[in-house]
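For the record, the sequence lines run as chains A and B.
Numbering that gives the first Met the number 0 numbers the first residue of the first sequence as 0 and each following residue consecutively.
Numbering that gives the first Met the number 0 numbers the first residue of the second sequence as 0 and each following residue consecutively.
A hint or two may mislead.
[Unchecked claim] Heads up, simulated BS3-like pairs for lysine-lysine below, C-alpha to C-alpha not over 30 Å straight-line: (1) A:Lys10 with B:Lys167; (2) B:Lys193 with A:Lys194; (3) B:Lys194 with A:Lys194; (4) A:Lys4 with B:Lys4; (5) B:Lys193 with A:Lys91; (6) A:Lys4 with B:Lys193; (7) B:Lys194 with A:Lys5; (8) A:Lys10 with B:Lys56; (9) A:Lys4 with B:Lys5; (10) B:Lys80 with A:Lys5; (11) B:Lys10 with A:Lys167; (12) A:Lys10 with B:Lys80; (13) A:Lys5 with B:Lys167; (14) A:Lys380 with B:Lys56; (15) A:Lys167 with B:Lys5; (16) B:Lys91 with A:Lys4; (17) A:Lys56 with B:Lys56; (18) A:Lys193 with B:Lys4; (19) B:Lys193 with A:Lys167; (20) A:Lys56 with B:Lys380; (21) B:Lys5 with A:Lys80; (22) A:Lys193 with B:Lys311; (23) B:Lys80 with B:Lys194; (24) A:Lys5 with B:Lys193.
[Unchecked claim] Some chain B residues flagged as far from chain A (calculated, every beta-carbon gap over 10 Å): (25) Val48; (26) Asp113; (27) Ala122; (28) Leu139; (29) Pro143; (30) Thr220; (31) Leu222; (32) Asp231; (33) Ser240; (34) Leu295; (35) Lys311; (36) Glu312; (37) Asn367; (38) His395; (39) Leu399.
Bear in mind the hints are in silico, worked out from the structure with no lab data behind them.
Idealized CB from N, CA, C, for every residue including glycine.
So you can see what is in the structure, the chains are spelled out below.
Protein chains: 2
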Amino acid sequence: MNSMKKITFSKRFPDMPIIGSSFAGSLDHVIPLSYGFPAPESFPLDTMVTATERAMKTQGSGAMSYTGGSGISNIVNWILKRSELREVYANKDQIIVTSGSMQAIDLVARTLTDPGDEIWIEAPCFFGAIRTFNLAQVNLRSFPIDENGIIVEHVERALIEATTLQQKPLPKILYIMPNYHNPGGVNLSVDRRKKLADLAYEYNFIILEDDAYVELSFDGTYLPSIHSFGPDRVIYLSTFSKVIAPGIRLGWAIGLSEIISKMRILKTDGLTSVYVQEVAYNVLEQLDIASHINNLSTMYKTRKEAMVAAIKEHFGDEVSFVSPEGGFFLWVTFPQGVNTSAFVDDAMTAGVSYLDGRHFFLEEEGYNTMRLCFTYCNEEKIKEAIKRLAEIYYQHLRSLPMEEAN
Amino acid sequence: MNSMKKITFSKRFPDMPIIGSSFAGSLDHVIPLSYGFPAPESFPLDTMVTATERAMKTQGSGAMSYTGGSGISNIVNWILKRSELREVYANKDQIIVTSGSMQAIDLVARTLTDPGDEIWIEAPCFFGAIRTFNLAQVNLRSFPIDENGIIVEHVERALIEATTLQQKPLPKILYIMPNYHNPGGVNLSVDRRKKLADLAYEYNFIILEDDAYVELSFDGTYLPSIHSFGPDRVIYLSTFSKVIAPGIRLGWAIGLSEIISKMRILKTDGLTSVYVQEVAYNVLEQLDIASHINNLSTMYKTRKEAMVAAIKEHFGDEVSFVSPEGGFFLWVTFPQGVNTSAFVDDAMTAGVSYLDGRHFFLEEEGYNTMRLCFTYCNEEKIKEAIKRLAEIYYQHLRSLPMEEAN
Chain A
0 MNSMKKITFS KRFPDMPIIG SSFAGSLDHV IPLSYGFPAP ESFPLDTMVT
50 ATERAMKTQG SGAMSYTGGS GISNIVNWIL KRSELREVYA NKDQIIVTSG
100 SMQAIDLVAR TLTDPGDEIW IEAPCFFGAI RTFNLAQVNL RSFPIDENGI
150 IVEHVERALI EATTLQQKPL PKILYIMPNY HNPGGVNLSV DRRKKLADLA
200 YEYNFIILED DAYVELSFDG TYLPSIHSFG PDRVIYLSTF SKVIAPGIRL
250 GWAIGLSEII SKMRILKTDG LTSVYVQEVA YNVLEQLDIA SHINNLSTMY
300 KTRKEAMVAA IKEHFGDEVS FVSPEGGFFL WVTFPQGVNT SAFVDDAMTA
350 GVSYLDGRHF FLEEEGYNTM RLCFTYCNEE KIKEAIKRLA EIYYQHLRSL
400 PMEEAN
Chain B
0 MNSMKKITFS KRFPDMPIIG SSFAGSLDHV IPLSYGFPAP ESFPLDTMVT
50 ATERAMKTQG SGAMSYTGGS GISNIVNWIL KRSELREVYA NKDQIIVTSG
100 SMQAIDLVAR TLTDPGDEIW IEAPCFFGAI RTFNLAQVNL RSFPIDENGI
150 IVEHVERALI EATTLQQKPL PKILYIMPNY HNPGGVNLSV DRRKKLADLA
200 YEYNFIILED DAYVELSFDG TYLPSIHSFG PDRVIYLSTF SKVIAPGIRL
250 GWAIGLSEII SKMRILKTDG LTSVYVQEVA YNVLEQLDIA SHINNLSTMY
300 KTRKEAMVAA IKEHFGDEVS FVSPEGGFFL WVTFPQGVNT SAFVDDAMTA
350 GVSYLDGRHF FLEEEGYNTM RLCFTYCNEE KIKEAIKRLA EIYYQHLRSL
400 PMEEAN
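Start from the sequences and build out the full structure, keeping to the hints where you can.
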């Protein structure tokens with residue numbers, strides 16, 4: 000066996016750095032602000048049991064078969080109806096239920112692109128999407144966001160340049176998270192939504208609208224989806240991960256039936272767990288969803304406010320951020336020259352985890368930023384975590400030579 | 000919108016024919032022998048409810064999170080322990096839980112190959128695997144099976160030719176279904192298992208051992224897995240689809256940790272439903288699995304025997320087949336010149352569905368074969384279906400011009 004030949008792998012695997020602290024596994028004393036986890040106490044555990052009972056009674060073996068029983072269309076109809084609140088109007092040929100919206104991102108990317116094609120993204124951008132696009136072997140190009148989301152003028156200029164100079168490729172896909180951006184926490188303005196949809200028609204690309212956080216509005220207001228301005232050029236994604244539980248792995252994509260039908264072909268793992276779909280539908284039937292979402296939003300708003308207050312108390316004007324009006328994340332910008340990667344391990348040792356901002360960018364940037372998740376921990380823990388984080392940060396600053404600390 | 004530009008799709012989509020009858024949807028009067036469905040009356044519906052209750056109580060929110068609670072390792076340990084019965088010995092770094100074994104096939108293919116690489120398969124071969132490999136844009140080459148599985152001499156000759164003549168590429172993967180082959184119904188002999196493993200080491204390819212049907216042995220005998228002869232060159236796949244229920248979508252792959260870790264990266268949809276894993280583990284704890292599998296095997300054996308008897312009664316010596324000793328399928332060969340595709344729609348109209356054999360081949364062959372599933376319907380229905388099938392077949396023969404009917 001010493002002469003064993005090496006196994007060769009596909010070229011699709013990029014070098015991927017460890018995200019967050021390099022500590023393997025979480026430590027018991029750590030207050031985690033790093034990953035985007037919903038509050039576990041919000042999971043409807045009891046309802047899962049009664050919903051399972053009801054699914055088994057109403058759908059029987061259909062709920063356990065490859066193809067589902069009649070109940071399989073229930074959840075599809077529920078999602079379609081709910082999507083109308085987002086001004087997304089579609090029929091059942093235009094929706095595919097996926098294993099979380101992560102699978103939908105993967106399917107859209109591989110349905111519409113070949114290796115070497117172009118996908119444009121935001122900067123910063125959800126690292127899971129970056130990773131998935133890298134594995135699809137596409138070329139990525141990013142455009143900055145500000146407090147109103149992606150700066151559309153930059154995108155338009157790039158499209159014009161690509162068309163007129165004919166030197167650069169047009170994108171096949173523009174990936175956008177319009178509401179409570181991960182990690183930026185901002186919302187895309189209505190004007191920019193409309194403008195992006197216009198550009199998608201003009202330059203013939205597909206907007207991949209990842210709306211994972213839309214339900215979690217702290218003030219109960221909602222902007223119309225990008226899809227509402229360009230139904231033929233937008234694939235709309237969302238998920239039950241944030242409002243029911245991520246562990247069930249249930250998301251969806253809505254768009255042109257000709258795209259969805261190709262995604263169905265590429266979805267070689269078969270229908271997403273029919274059993275989960277039936278149970279989830281019965282959970283939705285049994286929960287008062289409006290009140291459930293209201294409770295979640297209230298809880299998360301309180302936690303966000305606790306985090307904002309603690310940051311103001313311990314960091315003062317040292318950092319800046321846009322206070323998010325929903326979602327999971329607060330995106331903190333430190334002074335230029337600060338490298339949040341440099342103290343991520345020290346923070347972990349001191350009992351607080353965060354994600355250093357560089358992971359959300361393609362280029363060597365974002366070093367002075369970090370993402371904090373405010374949904375998983377209660378206010379007390381959040382306050383303690385921010386206090387520890389400030390201690391580690393100022394310790395780190397003091398330990399630097401003078402010129403670096405500037 | 001009349002001037003709307005066309006959407007361009009990835010080149011990965013091959014032309015794919017409709018499999019089985021071209022009738023959309025199933026008709027109420029049809030007795031389905033086409034798809035590989037387990038007996039729905041065998042699904043443990045009540046146990047799902049009590050298992051859900053137990054999962055929610057023992058694992059709580061962990062069973063609904065992205066990462067799972069401590070229970071997530073329970074099912075992994077269960078699978079690893081069970082795999083030892085197949086002489087597959089592995090640790091937790093060597094297993095990945097997937098959305099059915101279909102997802103595992105896809106992940107292995109894309110982890111080990113780039114477009115244009117070579118995957119070798121059996122002829123006939125499970126059409127789902129063919130479709131998945133086509134979507135991975137590999138080149139496929141097939142080797143015939145006989146009553147002892149794939150004819151290894153053909154494979155060895157091709158490997159020698161590829162190496163010595165250096166004109167043809169070596170395979171990256173050889174996909175094999177060793178037990179109760181889909182669709183062939185045959186078992187791969189132990190000698191051939193051992194020889195294949197030796198070839199995998201010598202020519203440095205990976206055997207993808209799809210063992211979906213292994214538990215369903217009608218006489219309680221089991222052959223050692225190919226993995227047992229070549230653990231460093233075999234990825235072993237199996238699934239709960241055949242022994243619990245397919246709708247839960249729970250399968251796995253076991254192999255070298257360096258391959259499994261790459262598969263984890265490529266599995267961009269995250270952990271397979273943690274909730275399903277927790278519930279399934281509790282089902283396995285509550286079911287007497289030995290007795291459950293024994294009941295399934297007894298039921299399926301009786302159905303298989305009913306099908307064999309009905310074929311003998313209605314077809315006599317007109318057709319030939321190997322009577323399977325387990326699994327789901329009976330593979331029927333008609334006289335040369337018969338084209339089973341020619342009467343698949345007529346059979347559907349007459350109330351019986353089957354899969355015409357050509358779908359299981361790469362080349363233009365298999366026209367005189369068909370796959371019949373004996374697990375889904377009870378004996379009475381099976382007898383009636385075979386009777387109708389014979390009527391349609393002989394009608395079809397009579398309607399042909401003399402020279403074609405030869």
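Okay, the hints, checked on the actual structure:
no.	hint	in the structure
1	A:Lys10 with B:Lys167	holds, 21 Å
2	B:Lys193 with A:Lys194	violated, 63 Å
3	B:Lys194 with A:Lys194	violated, 63 Å
4	A:Lys4 with B:Lys4	violated, 49 Å
5	B:Lys193 with A:Lys91	violated, 49 Å
6	A:Lys4 with B:Lys193	holds, 19 Å
7	B:Lys194 with A:Lys5	holds, 20 Å
8	A:Lys10 with B:Lys56	violated, 44 Å
9	A:Lys4 with B:Lys5	violated, 47 Å
10	B:Lys80 with A:Lys5	holds, 29 Å
11	B:Lys10 with A:Lys167	holds, 21 Å
12	A:Lys10 with B:Lys80	violated, 34 Å
13	A:Lys5 with B:Lys167	holds, 20 Å
14	A:Lys380 with B:Lys56	holds, 25 Å
15	A:Lys167 with B:Lys5	holds, 20 Å
16	B:Lys91 with A:Lys4	holds, 24 Å
17	A:Lys56 with B:Lys56	holds, 21 Å
18	A:Lys193 with B:Lys4	holds, 19 Å
19	B:Lys193 with A:Lys167	violated, 54 Å
20	A:Lys56 with B:Lys380	holds, 25 Å
21	B:Lys5 with A:Lys80	holds, 29 Å
22	A:Lys193 with B:Lys311	violated, 68 Å
23	B:Lys80 with B:Lys194	holds, 26 Å
24	A:Lys5 with B:Lys193	holds, 21 Å
25	Val48	violated, 5 Å
26	Asp113	violated, 5 Å
27	Ala122	holds, 21 Å
28	Leu139	holds, 15 Å
29	Pro143	holds, 25 Å
30	Thr220	holds, 28 Å
31	Leu222	holds, 24 Å
32	Asp231	violated, 7 Å
33	Ser240	violated, 8 Å
34	Leu295	holds, 14 Å
35	Lys311	holds, 30 Å
36	Glu312	holds, 30 Å
37	Asn367	holds, 28 Å
38	His395	holds, 29 Å
39	Leu399	holds, 35 Å
Consistency note: the structure conflicts with the earlier hints numbered 2, 3, 4, 5, 8, 9, 12, 19, 22, 25, 26, 32, 33.
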